[in-house]
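Visitor: Protein chains in written order, with the numbering used here: chain A, 1283 to 1460; chain B, 38 to 332.
Simulated from the structure, these hints should not be mistaken for laboratory data.
Incorrect hints may have been included.
Once the Cα atoms are required to be at most 20 Å apart in a straight line, the calculated EDC-like pairs of lysine to aspartate or glutamate come out as [said to hold, decoys possible]:
{"id": "1", "chain 1": "A", "residue 1": "LYS1351", "chain 2": "B", "residue 2": "ASP199"}
{"id": "2", "chain 1": "B", "residue 1": "LYS195", "chain 2": "A", "residue 2": "ASP1443"}
{"id": "3", "chain 1": "A", "residue 1": "LYS1417", "chain 2": "A", "residue 2": "ASP1395"}
Have a look at the derived ranges for each label pair, beta carbon to beta carbon [to be verified]:
{"id": "4", "chain 1": "A", "residue 1": "LYS1351", "chain 2": "B", "residue 2": "LEU165", "range": "51 to 61 Å"}
{"id": "5", "chain 1": "B", "residue 1": "TYR151", "chain 2": "A", "residue 2": "LYS1351", "range": "39 to 49 Å"}
{"id": "6", "chain 1": "A", "residue 1": "ASN1406", "chain 2": "B", "residue 2": "ILE112", "range": "24 to 34 Å"}
{"id": "7", "chain 1": "A", "residue 1": "PRO1327", "chain 2": "B", "residue 2": "LEU165", "range": "43 to 53 Å"}
Just so you know, even glycine gets a beta-carbon here, dropped at the ideal spot from N, CA and C.
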Amino acid sequence: MRRDFHVHWLLLPATALVAAPAAATTYFTVEQAQQQLLPGQALAPVAVTLTPAQAEAIEKASGVRVRDKTLKVWRAANGGWFYLDQVLGKHEFITYALALDAQGAVTGVEILDYRETYGGAVRNPKWRAQFTGKKYGAPLKLDADIVNLSGATLSSAHITDGVRRLLATHALVVAPTH
Amino acid sequence: MTRTLLLAALACAFATPAFADENLFGYVRGAETLPDGAAELYFKATERNDKGAGTYRATDYEVEYEYGVSDRFNISGALQAMSLDTSGLVIDGYLPGDREFGLRASGFEVSGKYNILRPAADGFGLALRGGLEHSWIDKHSGQDKDTTSADFDVLMQKYFLDAQLVWVGNVGLEATYAKRKAIADLPADFDWPTNAEMEVELKAGTGVSYRFAPNWYASLEALYETEFETDVGQERWSVFAGPSLHYGGQRWWATLTWLPQLRGGGEQYAGQADTNLHLIEKTRQEARLKLGFNF
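Pulled out of the complex, with its shape left as it was, chain A reads as follows (with noise of 0.2 Å):
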């Protein structure tokens, strides 16, 4: 079979590659979310990693895979909760933050990195403010409890699905008495 195309079909490829920066949009750093979703409390990190029986259960649990084993969680003063979390983006992750109460009820949510190119209307302090109150067991899914962002349905679906596997994980792992 010939093969004789032009090498120039290449370079476009080629000049993405180099032209393509990994900056993102950082709306908050870590700690700047924190003091957001819970102002002047002291939070000190807790370590926890899932075990494959803990990991399993917590994906029956919320329906959502776990793809990262190893927790980034914070107790607060006032026994509220910080979570850090990843969720798939169109292209890239969105990281966001989950803040809980003492009883295990969301208290906020925030965005720390969204880079798609349509979606933005994720970071809407009203879209957020759906989640203020839900616990374990709340069904958190899009067009039910959660209303759809029209043009943003895979971040808000998957920032939704993340939120039902942190409240997962925190009800069945990290504070298993709420």
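For this one, chain A is given, so just place chain B on it according to the hints.
Guide: Using the frame of chain A, we list chain B on its own:
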């Protein structure tokens, strides 16, 4: 080469620190639509190369503007052009002889796409797409030919592994009405019918795409196409399959696809060496580069 350098410069200019969208594949289409009020500008170049004898290289160019009328309905308009270099190959009824020309405007297309189910929210994506295309250059021979086509596609899409793996499936139908212009200096006994012809093409395609690194997708896609004509019944069929590489940024994306013909049948030209392919209206291989810019 100059055009490619220009496109490369444009790619650099738009390489803002940000990221991504659509068209993971070169040929098969996904079921998603642009959000309400969003727009996308596409540049597409497709090289059709090698008919198994002589020299044949045709390149199709397309500039398309797509607009999100609503979150579920997009409209688009495209201008088309082509260039051709063929020599040492005569196919009775199709290729009257050597021909070479650079970029020439060849046609236009308008289309609409309606999303019924969203792959991320509904678990399965489903969309309908319809288009109307008119061209005045025969894309095979480069001769004058008025062609009007209407096509209709059903587009399906499914996410796996949190959308890290994407499957798409397409089925479609295209109805074509065409009429060739007469040629003055045809070879002796060369058949070049100028009466109107009607053709129906059926298409099916599928592809899987995997995000192997942030912003980068590797894909495999396959296409089956067959065409029926009143006089000859099934005129041709072919199976193409090949890989794609996709890079998605926040403001722009690029997809490069190589699509060789694996099997084909139907009409063949006199003396065709490889009888396992259809090489009259198709070539041994195609390569497509798509660039998209989001607004």
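Visitor: Now tell me, hint by hint, if it's right for this structure.
Guide: Here's how the hints hold up against the structure:
| no. | hint | result |
| --- | --- | --- |
| 1 | A:LYS1351 / B:ASP199 | holds, 16 Å |
| 2 | B:LYS195 / A:ASP1443 | holds, 17 Å |
| 3 | A:LYS1417 / A:ASP1395 | violated, 24 Å |
| 4 | A:LYS1351 / B:LEU165: 51 to 61 Å | violated, 42 Å |
| 5 | B:TYR151 / A:LYS1351: 39 to 49 Å | holds, 42 Å |
| 6 | A:ASN1406 / B:ILE112: 24 to 34 Å | holds, 27 Å |
| 7 | A:PRO1327 / B:LEU165: 43 to 53 Å | holds, 51 Å |
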